[in-house]
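There are 2 protein chains.
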Amino acid sequence: MTWSHSGGGHERRGYHHGNLPEALIGAALALIAEKGPAGFTVAEAARRAGVSSAAPYRHFRDAEELLAAVALRGFERFGVALEQAWNGGHPDPMRAFENVGRAYLAFARDEPAFFAAMLDTQIAFEKYPPLLAASDRAFAVLRDAAERLTAIVPKPTRPPALMVALHVWAMSHGVAALFGRADPSRRKLPMSPEELLEAGILIYLQSLGLAGGSASAKQG
Amino acid sequence: MTWSHSGGGHERRGYHHGNLPEALIGAALALIAEKGPAGFTVAEAARRAGVSSAAPYRHFRDAEELLAAVALRGFERFGVALEQAWNGGHPDPMRAFENVGRAYLAFARDEPAFFAAMLDTQIAFEKYPPLLAASDRAFAVLRDAAERLTAIVPKPTRPPALMVALHVWAMSHGVAALFGRADPSRRKLPMSPEELLEAGILIYLQSLGLAGGSASAKQG
DNA sequence: CAGGTCATGTGAGAGTCTTTTACATGACAT
DNA sequence: ATGTCATGTAAAAGACTCTCACATGACCTG
Chain Z
402 MTWSHSGGGH
412 ERRGYHHGNL
422 PEALIGAALA
432 LIAEKGPAGF
442 TVAEAARRAG
452 VSSAAPYRHF
462 RDAEELLAAV
472 ALRGFERFGV
482 ALEQAWNGGH
492 PDPMRAFENV
502 GRAYLAFARD
512 EPAFFAAMLD
522 TQIAFEKYPP
532 LLAASDRAFA
542 VLRDAAERLT
552 AIVPKPTRPP
562 ALMVALHVWA
572 MSHGVAALFG
582 RADPSRRKLP
592 MSPEELLEAG
602 ILIYLQSLGL
612 AGGSASAKQG
Chain G
402 MTWSHSGGGH
412 ERRGYHHGNL
422 PEALIGAALA
432 LIAEKGPAGF
442 TVAEAARRAG
452 VSSAAPYRHF
462 RDAEELLAAV
472 ALRGFERFGV
482 ALEQAWNGGH
492 PDPMRAFENV
502 GRAYLAFARD
512 EPAFFAAMLD
522 TQIAFEKYPP
532 LLAASDRAFA
542 VLRDAAERLT
552 AIVPKPTRPP
562 ALMVALHVWA
572 MSHGVAALFG
582 RADPSRRKLP
592 MSPEELLEAG
602 ILIYLQSLGL
612 AGGSASAKQG
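Protein chains in written order, with this note's numbering: chain Z, 402 to 621; chain G, 402 to 621.
Wrong hints could be hidden among the right ones.
A few chain G residues that face chain Z, going by a derived Cβ cut-off under 7 angstroms, partial list only [unchecked claim]:
1) His-417
2) Leu-563
3) Leu-567
4) Gly-575
5) Val-576
6) Leu-579
7) Ser-593
8) Leu-597
9) Ile-604
10) Ser-608
Label-pair ranges, simulated between beta-carbon atoms [stated by the list, open to error]:
11) G/Asp-463 with Z/Arg-448: 46 to 54 angstroms
12) G/Glu-527 with Z/Ala-434: 16 to 24 angstroms
13) G/Glu-595 with Z/Ile-553: 49 to 57 angstroms
Hints are computed from structural coordinates only; laboratory data are not their basis.
Computed from a prediction, not measured in an experiment: that's the story for all the values here.
From the three backbone atoms N, C-alpha and C, an ideal C-beta is built for every residue, glycine too.
Let the sequences and hints guide you as you build the complete structure.
What follows is the structure in structure tokens.
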């Protein structure tokens with residue numbers, strides 16, 4: 402695919418290129434996908450968009466800002482994916498919650514370039530408020546889901562929803578970061594990352610009285 | 402501190418600089434500490450070691466190999482730290498296990514430069530067998546600890562030790578990566594990363610019958 | 001339609017980094 | 001003393017980041 406005109410799906414807004422920012426974001430994403438987050442350069446992205454190496458600086462202050470734009474897109478898609486997985490808590494909060502965890506992994510596997518742009522690169526989030534907002538929105542899905550899930554438990558023994566959300570987020574991220582990439586580089590596992598995460602979340606939630614059945618039933 | 406001679410604490414082994422590889426590793430580590438993993442350059446490390454920018458290439462094939470040497474040092478220290486925390490399973494396996502988790506966080510907080518070199522940079526581990534070996538040794542501590550810990554449970558219901566180790570590793574890494582840095586950039590938490598991780602591991606282990614008490618006792 | 005204005009893109013260039021190559025030199029063995 | 005090799009230097013090619021002066025096309029205004 403080339404990005405010569407009307408790259409982002411919007412109507413051609415005119416001017417020379419048509420939609421250079423989108424074209425650059427697309428090129429940067431492709432570069433990250435091909436060569437890893439370190440393989441991305443402004444010059445190469447410009448080359449792929451068919452413009453001079455100075456053109457990108459009309460739209461992005463520097464390389465980091467272009468990378469931040471890629472990460473922003475990633476967090477937006479990520480939030481949508483989590484929300485769809487949660488699906489309003491259907492069929493039941495427990496299953497929906499597990500689906501959210503799986504969606505986390507699926508995103509890391511299916512969109513490794515976005516995932517890398519979002520988390521591998523060390524972007525200073527506070528310098529890009531939209532990025533911070535988008536990552537907050539993605540986390541809010543998890544948080545709301547935890548709220549719904551913990552509501553099952555009577556108040557006296559109810560665990561704090563935020564804590565549950567943070568634990569699940571941490572476990573999901575840990576599994577995704579350590580074992581989630583498809584590379585042959587990483588460690589061999591006795592089970593798939595998905596199974597590992599599902600078992601982990603299940604065990605965790607059982608302890609809080611949020612999941613039925615016994616932990617040992619899930620092992621073998 | 403300057404690295405002009407006998408940088409690594411060993412006796413001067415002669416030649417021009419004395420111990421350039423160590424000096425470069427130290428300079429690289431300092432650079433990462435000051436400016437983040439992206440702020441490191443071979444040229445600047447050479448400058449700080451007081452040699453020309455070509456000198457490093459006598460000892461490291463390229464920039465990545467120097468970075469890998471830093472990461473190797475990091476994993477070695479990391480393994481030692483985890484082993485000390487485990488302390489042979491004393492005072493009891495449960496407490497010792499939690500200490501290992503805390504040691505993970507402590508390392509991420511106290512040695513952010515090493516931690517970044519080890520995990521933030523996308524080094525291809527398989528290209529540096531010693532690096533892979535060192536990271537394996539560090540993980541082995543966790544794995545052995547899980548082995549000892551799960552041995553408490555009678556065989557029929559005993560959870561697989563490797564799975565337990567992976568879950569704890571993932572949770573520890575998730576907490577460290579998402580919330581463990583001291584930066585003001587990251588999200589505000591209702592509890593410290595240490596407390597968050599300790600609670601998470603406790604809840605998880607309780608579900609497996611590896612920790613006494615009720616989960617809700619630890620919350621508040 | 002003419003003219004002005006601004007956003008967008010270009011070409012050239014300064015400065016830095018990576019990595020290679022030919023060359024220099026000091027440590028050490030004999 | 002002398003030769004050898006590891007270690008370091010200077011110089012340079014090539015790439016990248018980012019800036020600046022300049023070009024140009026889109027659009028507005030009359």
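Here is how each hint holds up against the structure:
A cut of 7 angstroms between beta carbons decides the hint on G/His-417: the least distance to chain Z is about 32 angstroms, and the hint is violated. At its closest, the beta carbon of G/Leu-563 sits 6 angstroms from a beta carbon of chain Z; the interface hint therefore holds under the 7 angstroms criterion. About 6 angstroms separates the beta-carbon of G/Leu-567 from the nearest beta-carbon of chain Z, less than 7 angstroms, and the hint is met. Because the closest C-beta pair between G/Gly-575 and chain Z is about 3 angstroms apart, less than 7 angstroms, the hint holds.
Given the 7 angstroms rule on beta carbons, the hint for G/Val-576 holds: about 5 angstroms separates it from the nearest Cβ of chain Z. Evaluation of the G/Leu-579 hint against chain Z yields a held restraint, the C-beta minimum of about 6 angstroms falling below 7 angstroms. Annotation: interface hint on G/Ser-593 violated; nearest CB of chain Z at approximately 12 angstroms, more than 7 angstroms. The restraint placing G/Leu-597 at the interface with chain Z holds, with a minimum CB-CB distance near 6 angstroms, inside the 7 angstroms limit.
Taking 7 angstroms as the C-beta contact cut-off toward chain Z, the hint placing G/Ile-604 at the interface holds, the least distance being around 5 angstroms. Taking 7 angstroms as the C-beta cut-off, the interface hint given for G/Ser-608 holds, the closest approach to chain Z being about 4 angstroms. For the hinted restraint 46 to 54 angstroms between G/Asp-463 and Z/Arg-448, the CB-CB distance of approximately 23 angstroms leaves it violated. Checked against the hint of 16 to 24 angstroms, the C-beta distance between G/Glu-527 and Z/Ala-434 comes to roughly 20 angstroms, which is consistent with it.
Evaluation of the 49 to 57 angstroms hint for G/Glu-595 and Z/Ile-553 yields a failure: the beta carbon distance comes to about 29 angstroms.
When each numbered hint is compared with the structure, violations occur for hints 1, 7, 11, 13.
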